[in-house]
Structure formats: structure tokens, C-alpha cells
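**Q** Assemble the whole structure, with the sequences as input and the hints as a guide.
Listed below are the residues making up each chain.
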Amino acid sequence: MTTRTQNRFAHTYTLLRKALPDEPGWLSELRDEAFENFKALGLPTVKHEEWRWTNLKRIADTDFVPAELAEVSEAQLAKYLIEDADEIRLVFVNGHFADKLSKLPTIPDGLVIEPISRVLGSDEGLQVKLGRFAEPTQPFTALNTALFTDGAYIRAGNSLTIQTPIHVLYVSTDSDAPAVSSPRTLVLAGESSELRVIESFVGHGNSPRLVNSVTEIVAKGNAAVRHVKLLRESDGTSHLGWTELNVERDANVSSHSINLDAGLARNDVHAVLAAEGANCSLNGLVLGRDRQHFDNHIVVDHVRPHGTSSQLYRAVVDDKSRSVFAGKVIVRQGAHGTDAQQQNNNLLLSNDAKVDTKPQLEIYTDDVKCSHGATSGQLNPEAIFFLRCRGLDETHARNLLTYAFANNVIEHIKIDPVRLALEKLLTERFAGLLGGSP
Amino acid sequence: MTEPLLEIKDLHVSVEGTEILHGVNLTVNAGEVHAIMGTNGSGKSTLTKVIAGHPDYEVTKGDVLYNGKSILEDEPEDRACAGIFLAFQYPVEVPGVSNMYFLRSALNAQRKSRGEAELSGAEFLDLVKEKAKLVDIDQGLLNRSVNEGFSGGEKKRNEIFQLAVLAPTLAILDETDSGLDIDALKTVASGVNSMRDPERAFLLVTHYQRLLNYIEPDRVHVLLDGRIAKSGGKELALQLEDKGYAWIEEEAATA
Ligand SMILES: Nc1ncnc2c1ncn2[C@@H]1O[C@H](COP(=O)(O)OP(=O)(O)OP(=O)(O)O)[C@@H](O)[C@H]1O
Ligand SMILES: [Mg+2]
Chain A
1 MTTRTQNRFA HTYTLLRKAL PDEPGWLSEL RDEAFENFKA LGLPTVKHEE
51 WRWTNLKRIA DTDFVPAELA EVSEAQLAKY LIEDADEIRL VFVNGHFADK
101 LSKLPTIPDG LVIEPISRVL GSDEGLQVKL GRFAEPTQPF TALNTALFTD
151 GAYIRAGNSL TIQTPIHVLY VSTDSDAPAV SSPRTLVLAG ESSELRVIES
201 FVGHGNSPRL VNSVTEIVAK GNAAVRHVKL LRESDGTSHL GWTELNVERD
251 ANVSSHSINL DAGLARNDVH AVLAAEGANC SLNGLVLGRD RQHFDNHIVV
301 DHVRPHGTSS QLYRAVVDDK SRSVFAGKVI VRQGAHGTDA QQQNNNLLLS
351 NDAKVDTKPQ LEIYTDDVKC SHGATSGQLN PEAIFFLRCR GLDETHARNL
401 LTYAFANNVI EHIKIDPVRL ALEKLLTERF AGLLGGSP
Chain B
1 MTEPLLEIKD LHVSVEGTEI LHGVNLTVNA GEVHAIMGTN GSGKSTLTKV
51 IAGHPDYEVT KGDVLYNGKS ILEDEPEDRA CAGIFLAFQY PVEVPGVSNM
101 YFLRSALNAQ RKSRGEAELS GAEFLDLVKE KAKLVDIDQG LLNRSVNEGF
151 SGGEKKRNEI FQLAVLAPTL AILDETDSGL DIDALKTVAS GVNSMRDPER
201 AFLLVTHYQR LLNYIEPDRV HVLLDGRIAK SGGKELALQL EDKGYAWIEE
251 EAATA
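Chains as they are written, first to last, in our numbering: chain A, 1 to 438; chain B, 1 to 255.
Incorrect hints may have been included.
DSBU-like cross-link-like pairs, simulated, lysine-lysine; straight-line CA separation at most 30 Å [said to hold, decoys possible]:
id, chain 1, residue 1, chain 2, residue 2
1, B, K129, A, K424
2, A, K129, A, K414
3, A, K57, A, K328
4, A, K47, A, K57
5, B, K112, A, K424
6, A, K414, A, K47
Derived from the structure by calculation, the hints contain no laboratory data.
**A** Structure representation (C-alpha cells):
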């Protein structure tokens, strides 16, 4: 079966290479190498420890064609925009740059915001950095490198502070045959620079598709990057996303993975605290319903001393939905003074919903502060009774408590318009709440 | 003759199959203040929770009438909207929900059920300011999550604050005075006293006679082992303070 699957993607790969004849040689080489890697690795099955709770049968059993650019109107896009966070936006439809939907105002010197396709030939940084961070030994990062058509390239020069959020939207639309798109984001934050980046993955229509994305974020010394990945895929979508964070000396990176919708989604976050005093804060929220399946796999690798990391992942699962959380903290030899915290809290709203959680610590040095905790449960019946005793009906009481549970993650997002938009989304999701935030 | 506001008739209540109340009778008229005292575990909180409609408590016999109608089939929120308020012995923490949002939702839910217009944000703020002064609650607490990280005294004050804002017809206070210092106790008492009204009744559960120095009850009842063992005027509370509960137990045994 493995062989059959690889042959399928081999066909996809051939089709894709034919569609992209004029690429620079270095990229073709990178792709060939990546595809060889993918073939050698094969698709993971539930027999792999890291995939035991997420079955990829629906991907293994499908033939995918490369996704093609399609028409998306401003009006269709509108509901995925974020008020006050769309002054700068790059929009991709099915993995291809959508010029007309994008907005690139004059930007300061030292800042580059471009679709990768436009700078392939000209930007040397890109050639050096692309695909150098995300682990090529992962089948899906390799597949993305082989198959990506376009994506966002964001680079801030040293000491440049960009407070305006940059919104990258990857839209996928219906197609006749199941299609694969491979969004690719590369963010390079120079020394002491500051960037805010939002990636939205949104699905239009419900035809089966695969979105296999890779996001690489590099924060040089003392840089600060705030990143939010917003998942609003359709139920027909399998989303596989790898986020690679490379955090250098005294840099601060926060990355929030907000899973609002998707048929199946697997998010891998791999954070390497590569130099002394590097900090990262990784948070996630899952709101599962129907038969949705979400899987968040986090690895934080403390390589050097005095790094701090925190993880707060929360899932609210309803109906027959399922959430998986696996968080691993590695503290390498010599990474003394490390402070690593991890929290995973799960709220089960139905008896048929399911959560699996696996915290892991691998510590190879003394003098570290590590803590982790996981909880799973239902809404507190005493709190429900209390709210009802004050006049709220049962549905309202439950919604309010669920909102509060989920909002605890949203609160940590330090890009104001995104936080506000998400609070509003939560309010809508848990209808019957007053305007304004509880 | 006017109808009693609250009438409890031969009430038997079980939790998880164990009977806790073994036939409680109690009548409270509008305008009155009743105190309920009794030893630990005698069933005082159980009685208050049954009146409020807690789903874990099963009424196996008897009835609770409010304004002449049985409320046993009513949901807790219906009882709240009808004007029944319970201040909890152990106030619940609700992380992530601000006091202000919660209270405004509650008040508006109650107003809506009575066919009254919902209060706007500004109107609500005015009301809150007035009532916060009345119960001397720190404005800072109002913007925090309900009871989260509050001290014991702050939690009790917050219950009284909710009482003042929601202005119920029947207010049941379960040991709101326990653990309060004298200043806090006086504030709670003056809050209650300022709300005394011919249309409103209070049911005060307490362990300590001290509260009744500040809120003068019309009747005092002693709940022992799931039954009202003795009722009397406010002097009964003083006797209890002096002599404890043993003599009532003996009286009840020989009766
Ligand atoms: N939810 C419950 N589950 C099991 N037992 C309960 C529950 N609630 C009350 N009980 C039991 O019922 C009895 C009466 O409890 P209750 O809390 O009503 O007493 P109380 O008079 O309020 O006591 P205190 O003065 O300590 O507050 C006790 O034995 C208690 O353990
Ligand atoms: Mg009690």
C-alpha cells in the first residue's frame, strides 16, 4: 500500500514539475532531493509512535492532483479578513498567488513581503534559507518542499519594528478531482526586529482536498515574532501543517495555533531554542465538532542555557470530535537554567468526544525548572448551578463557561485585532452570549 | 389572610439515596426575616439548595410552595427569575467570566423573563456603582473573574453585592456571616437591613448569634438531624449561644 501511495504522489510530482518549467536550478534540485526523501520515508501509519492517534487513511487512499488557481471574489474573501489586521495581506488561492486579492502598501526599507514565486530568482537570502530549517526527515515537510507552488516570504532587516500585522491567507476552493496544495511560509526576522504574522488557512466549499503546509520562522538575536495560525478549513479538508521555529539569542517567539475548523488537522510545531536566553510561548486552541479530528504535536528543544518556554493547549470537543495533544520538551545537556512549562486542558462536551494527551519530558541536564500538567473533564456542575441560580438558563450557563475555558488561550494573543476578532468568533460559536467579551 | 411567600410542607430530601431532610415544615411571610440555626451537617445547606433547585437533591416527599404554587418542577433559573436568590455558603469560582458581564447577563435574563426592558451598559453601570457603595465592595473586584482568587470575605461580600443588584423577593443566605470580621459583618448586615421591605423575605442560615445582633429576626428555627426541632423568637438564638444545642436534642427526644 505504501508503494501505491508513493506512486500516486509521484504522478502529482510529475504533473507539478511540468507546470513549473522555468524555476531556478537550485530549486529543482531541492525539490528532487525532497521528493526522494519523501519516497524513502513513506506515509506514516498508526504504527508510528508519533501518529498512533491520527489515521491518514483518507490521504493514503486518495489520488491528488496539483491544485490550480481559481476565482475567489472579494466578497467571498471578506469573511476571513480580520478588521484592522488586513492593511498588509498576501492571498493565495489553492497555493497560487492571487495578486488582485492581496494588498501590499508601500512598506518601509528593509522589509520584504512578497510571494515566494516573485523573489525566487533575485533574493539570495531565500535560496540560503528556504527548506533549511524544517526537518527534511519529516515526510510531509519533504512532500511540501517537493510540491509547493508559492507562499509568503517575509523578511525584516535588523532593528526594524513592524507593528502592523501581516496577514497571509491560504484559501482553498472546490475542485473536480481531489487536489493537493502546499502552502509555504518563510519568515526571517533580523536582529532586534519585530514582526507580527497571521496565517489563515481557510476552506471554501467541501470537496475533498489535502493542504500540506510548512511555515518556517527564524528569529535572530533579540528579535520578537508574534505568530498566529488560524485554521478555518472545510470539513472535506485534511490539513497537515509543520511550523518550524528557530529562536536565537534572547529572541522571543510566540506562536498560537487556533483550530476552529477542519475535517482532519495535524499541526506539528517544532521549536528550537538555539541560543542562550531564547524564549518561546506556544499556545493552542481546538474547537472540535461533528467528526472533526485535531492533532497537535509540539516539540520544544532547549539546546542552550537559560531559555524559557511555555505551552498552553486547550481543546473543547463536542459531538464525535477528537483532539490529540502530544507535547515534548527536550532539555539538552548544558542547557542549564532552562524554564519549561506545559499545560494541556481538555473540555469534553459530549460523551462521544475523545481526547488523548501525552506530555513528555526529556531532560539531560541539572538545574532546570520544568512542569507539566494535563486535565480532561466536563463543565463544573456547581458552576452551572450557580449561574442558573442567578437566572441564566442552562444553555447560556454552559456556553458562558465553555467560552471562558476557550478564551483563556485567546487572551494570550498579543496582536490586538486578532484577539478581538477571535473573541467575537467565540461569542458567535457559543451563541446566546451578550455582545462584548465576558 | 395573605398567602405565605414560602411554605415548606413535610419535606423529605435525599442525596445519593441517603435521606437528609426528614420532614421539614416552615412558613415564611413576605416582610419577615427568619433565621435557621443548627449543628454541622444537620441539613441547613441541603434545605437552601432544594429551595433553589439543585439537581443533585431529590425530593421524595412533601412540597415547597412559593407564592402558593409548588416550585419543585421548576428549573433553578425559573426560580431565580421568580425572585428566589441563594447566597452560597461556599461561593463558586468562575474563571474567565468577569463579575460585571455575569451579573449583567443574570439581571437582564431576569428582567426579560418578567417582561421588563434589558438594561443598557450605561444603566447597568449606574446601578452597579450605587450597589457597590451599599455593600462597600472594591470596584477592582467587579472587573475580575467571578470569585477567582477572592479572599473568603470578598467572596461573601460579592454574594451580597449580587443580592443587592438582583433585588430578589426571597433571599436565602447560607452562612454569609461565617468567617467575616466585624466590619465586614456590619456591612453585610446593613446591606440586608437596607433591603428589608414588606414585599421581601429573608431566610438566614447561620451558626452564630452575632449576626442576629445586627439583623433582627422575626423567627428563629433550629434544624437538627433533618427536622426543625424548635422555633421561637430572637431570644432563642441567645439561649443557643448560652446553652448550645444539647438541651433541644433532649427536648426533642422526650417530646
Ligand atoms: N451532595 C451531597 N452528597 C452527599 N452527601 C451530602 C451532599 N450534600 C450534603 N450531604 C450530606 O448531608 C448532610 C447535611 O449536609 P448540609 O450541608 O446540608 O449540612 P449543614 O447543616 O449545612 O452543615 P454545615 O453547618 O456544616 O454547613 C451531611 O451529612 C452531608 O455530608
Ligand atoms: Mg451548610
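**Q** Taking the hints in turn, state whether each one holds.
**A** Hint check:
1. A hinted pair counts as satisfied when its Cα atoms are at most 30 Å apart, and K129 of chain B with K424 of chain A qualifies at roughly 27 Å.
2. Between K129 of chain A and K414 of chain A the CA atoms are separated by roughly 27 Å; this keeps the pair inside 30 Å, and the hint holds.
3. A C-alpha spacing of about 25 Å is found between K57 of chain A and K328 of chain A, which places the hinted pair at or below 30 Å, so the restraint holds.
4. Proximity of K47 of chain A to K57 of chain A is assessed by CA-CA distance (about 12 Å); at most 30 Å being required, the pair is judged to hold.
5. Among the hinted pairs, K112 of chain B with K424 of chain A is consistent with the structure: their alpha-carbon atoms are about 24 Å apart, no more than 30 Å.
6. A threshold of 30 Å between alpha carbons decides the hint, and for K414 of chain A with K47 of chain A the separation of about 39 Å lies outside it, so the pair is violated.
Hint 6 from the earlier list is the only one contradicted by this structure; the remaining hints agree with it.
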